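Using the sequences provided together with the hints, build the complete structure.
Taken in sequence, the protein lines are chains A and B.
Numbering-wise (UniProt numbering), the first sequence opens with residue 1 and increments by one.
Numbering-wise (UniProt numbering), the second sequence opens with residue 1 and increments by one.
Think of the hints as simulated: they come from the structure by calculation, not from any bench.
Small disclaimer: the values here were computed from a predicted structure and weren't measured.
Mixed in with the good hints there might be a few duds.
The list makes no distinction among identical chains, and a pair is therefore deemed to hold if it is satisfied within one copy or across any two copies.
Below, in silico cross-link-like pairs of lysine to aspartate or glutamate (DMTMM-like), each with a Cα-Cα straight-line distance of 25 angstroms or less [said to hold, decoys possible]:
(1) LYS439 / GLU264
(2) LYS529 / GLU165
(3) LYS536 / ASP109
(4) LYS229 / ASP291
(5) LYS374 / GLU422
(6) LYS467 / ASP327
(7) LYS124 / ASP291
(8) LYS170 / ASP327
(9) LYS350 / GLU363
(10) LYS162 / GLU108
(11) LYS481 / GLU415
(12) LYS467 / GLU295
Protein chains: 2
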Amino acid sequence: MFVPAIKGSATEEQQNKWLPLANTMQIIGTYAQTELGHGSNVRGLETTATFDPVTDEFIIHSPTLTSSKWWPGGLGKVATHAVVYAQLITDGKEYGVNGFLVQIRSLEDHFPLPGITVGDIGMKFGSGAFNSMDNGVLRFDRVRIPRNQMLMRVSKVTREGKYVESNIPKQIIYGAMVYVRQKIVADASIALSRAVCIATRYSAIRRQFGSPQNDQNGNGIETQVIDYKTQQSRLFSLLASAYAFRFVGEWLKWLYTDLIQKLEGHDFSTLPEVHACTAGLKSLTTSAAADGIEESRKLCGGHGYLSSSGLPELYATFVPACTYEGDNVVLLLQVSRFLMKTISQLQSGKKPTGTTAYIGHVEHLIQCHCKVKKAEDWLNLSVILEAFEARAIILLIACAENLTKFANPLQGFSELSSDLAEAAVAHCQVIVVSKFIEKLQQNIEGNGVKQQLETLCYIYSLNLIHKHLGDFLSTRSITPKQASLASDQLRSLYAKVRPNAIALVDAFNYTDHFLGSVLGSYDGNVYPKLYEEAWKEPLNESVVPDGYHEYIRPVLTQQLQNARL
Amino acid sequence: MFVPAIKGSATEEQQNKWLPLANTMQIIGTYAQTELGHGSNVRGLETTATFDPVTDEFIIHSPTLTSSKWWPGGLGKVATHAVVYAQLITDGKEYGVNGFLVQIRSLEDHFPLPGITVGDIGMKFGSGAFNSMDNGVLRFDRVRIPRNQMLMRVSKVTREGKYVESNIPKQIIYGAMVYVRQKIVADASIALSRAVCIATRYSAIRRQFGSPQNDQNGNGIETQVIDYKTQQSRLFSLLASAYAFRFVGEWLKWLYTDLIQKLEGHDFSTLPEVHACTAGLKSLTTSAAADGIEESRKLCGGHGYLSSSGLPELYATFVPACTYEGDNVVLLLQVSRFLMKTISQLQSGKKPTGTTAYIGHVEHLIQCHCKVKKAEDWLNLSVILEAFEARAIILLIACAENLTKFANPLQGFSELSSDLAEAAVAHCQVIVVSKFIEKLQQNIEGNGVKQQLETLCYIYSLNLIHKHLGDFLSTRSITPKQASLASDQLRSLYAKVRPNAIALVDAFNYTDHFLGSVLGSYDGNVYPKLYEEAWKEPLNESVVPDGYHEYIRPVLTQQLQNARL
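Structure below.
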């Protein structure tokens, strides 16, 4: 919550002003962009920053209820300063959204400064999760700040009130966006792998049904639930996704570094593709990870519903990633817009690059036929990748063709938005599958490790084919017979993963403390730990519960008229 | 939590014994079946009830940690008695699981009785939800109860320790199961419709992006999010599901009444079909409702994550229905087992009845061709039903054929269990679609109401076709071209629902109090209510938060060495 951000966005002049303060007194800052009525559409923000040339100040104001800042973390009770995004107005003209550093609480007694209304927005999903964070509401009643508290790196307002854009390219703003989103992809992989680690370990301990065999004491024992194919198909596909997201996350980290180097050299050519790629992967991985955490919880049966399983809070903490930093559906539509542009530029001979390079092979892909004739033929990474590429490009081209049927392109885009979002997902899956394959082409140490990862890559891909079978069949990327062979092959692949499943989740190297789950404990000592954990419940501190004499006993003695129960 | 259950299960003799007690002193009872290590597999319960002929008592005992009773509601701190399910042992022989009425706490001072260990199992998913319920753990150390506290309606133990089965048919036990599951289907419809009501109302209030038009004050206003097709396709399909589940729930209620009449007349012929039907519909509707509530929450963007939206707690309260009263995957496998039996009996000429009647038309269905040639051809309920029936039966027959390839039927069932579960889902969808259609064939009052419900029936069905397109295409129930026409038709259907969307959720007739959601308030006054609700957060009672002097100020004055933050 400290404000290193101002170092990046502020001019040198501003840093000189603020640094002495930072040396004697810390400030606690927050980033105040989202408003009660405005989230995804940043341009629609209503807070105003009006320049007053008489006093050389900006007047920060919340003109409506819906302009109240809403959600900033740490704002509710803790932050002393906020970087406030507001519509800049100078000389009677609006110049769009800019950032302003505004002190909101006194550094002496922590009281809100005059004109500031600030508080916490209340409880959120889950019992822990983000409830330890004071997400806040903030309103301004004509709060005045010095002109030089505007963040002036990209554009500034002069002493005379003139709005001037700097020569710093606007594109650098996207650099921060790319950074945050690639970080979220890495987080998605971590969150999903935590859930999968818990569910896999517990599935090896939990037994239910099955032909009773005799254990060493001669008692019948039931089947480990990890041995059920229904459990394997759900669990191992999530395990494969956790690995897939890890590899694509590592690659995105490299991509970000590469982008920053290019941006610093004023090469903006790859920015649109990189931006679309991170936006799409943020959407794909967070949706899949959130669903996967809940699925992992359900794979733990009733005990997954206990807080001590760690899974309810893991879900409640992770799931907002589907909404923040770009709502997942809005992001997919952005990606599809970029892809439609890429397709339309094919005719003018512009060659797609990076993650869209395959779109350049459209001629080949739309007429290629999947060569699978028997189940084992699916164990071929280039066959798989080609099927994914063919499906994606045929969906994209269908969208592009359908768009031409609308006289008004905006209306066409709106009408076809569900199809466009699905095509964007298909494109993003091409990226994840291809990066998994690239990883397998690298040197991987350890006896048999590469083979196991290859198995996971097949599971990830063939499961997606099964899940999106409608796409694959309707684009004729594969045939119904090949789909059925893929399902047969999947069953063999699960059998290959089964003996190494525990090793594959142990490999994430999470400590019991980090996992925070009795079901996922490393030693598998699940039941004693569940039992022990229950007794820590504060209700168990007294044998007879509070309220017994007030509520329970009157019920028992039928003096109900005196009871409030 | 009071024990009316004993009236149903106890003999007259027992009722005579307990009724005087109930007249002078109430008891608070719970149902103790599930154990720490045993849920779905009731036969695997470990608690024992051993008859001691010397004292005419049963000895109730928890021989292992995993035999601890776990989850019963009200057990942790409140219940005085429990109906305990245990393995009956008499004369050295085991006779399976039976119920026993066991007092666990003193009616004088509420202390656990000797030999009883009882407590609460701790926090669960969500901040409210089931955290107001004291789900408990219970262990017995050789607790003795009189012989006549065994529930002896179906089988009993004589004074001499002889196990005797009564002439009451065992099938009546299934009556209770059918009752509970049809009730859960009704609950699923209510829970989903609550969520959809909230998301629909809020989607009409929330505006974001879009070509700004001018409102009466000359200000640009954004597009209502309910007008986006991506929002419509998610929201209206959930709205349609809420109605579909309501109608199938109403029908299930009738089915239960009909079953009870038959059982009372000792007609057990429909029981297997009714049992499979309720098990399958419990699984289908609870999975769809739980996912739909979360989807509704995401459709409300960031504000859906606030507790004041009502959606997080609605989810946390509803989602255990996917696990309790039969895990949803386990139930689907039960349904598929019944369906495989139905298919295998076709050859012997046994005619399937009730919800499986369509399986009798297998000859017709496997060779029929969907007649859709243009988008509007999908507006034909019998065309739709036939496509669903064809897809279900072809999946079922494929499973039956694949099963014959295994020498060991059990192993075959295990290997193919994922396919079998998917075929069971296809069968259950036939039921829901057909009951929706039957509803439309009834007299429906109100101008235009029938037409709107018909539109929802189309949306429900065509959306399922889109979602399970892989099934429909691989079984060749429809062609890729017809699938594409279904998507076109869906868009027109959304446009038809849009003007009536609010009326269709108002029709659920939920009060604001029942909805418990500021986003879903009837008057649409969302933002003032969100703002007002925030100030009720206890953290806002003080301007400077507790802990400021201890934690925040030391950070600000850089006396970090003294701070615990």
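Tested hints:
no. : hint            : in the structure
1   : LYS439 / GLU264 : neither (28 angstroms within a copy, 66 angstroms between copies)
2   : LYS529 / GLU165 : neither (62 angstroms within a copy, 40 angstroms between copies)
3   : LYS536 / ASP109 : between (39 angstroms within a copy, 23 angstroms between copies)
4   : LYS229 / ASP291 : both (20 angstroms within a copy, 23 angstroms between copies)
5   : LYS374 / GLU422 : between (29 angstroms within a copy, 23 angstroms between copies)
6   : LYS467 / ASP327 : both (23 angstroms within a copy, 22 angstroms between copies)
7   : LYS124 / ASP291 : both (19 angstroms within a copy, 19 angstroms between copies)
8   : LYS170 / ASP327 : within (23 angstroms within a copy, 54 angstroms between copies)
9   : LYS350 / GLU363 : within (15 angstroms within a copy, 55 angstroms between copies)
10  : LYS162 / GLU108 : neither (35 angstroms within a copy, 83 angstroms between copies)
11  : LYS481 / GLU415 : between (33 angstroms within a copy, 19 angstroms between copies)
12  : LYS467 / GLU295 : both (15 angstroms within a copy, 18 angstroms between copies)
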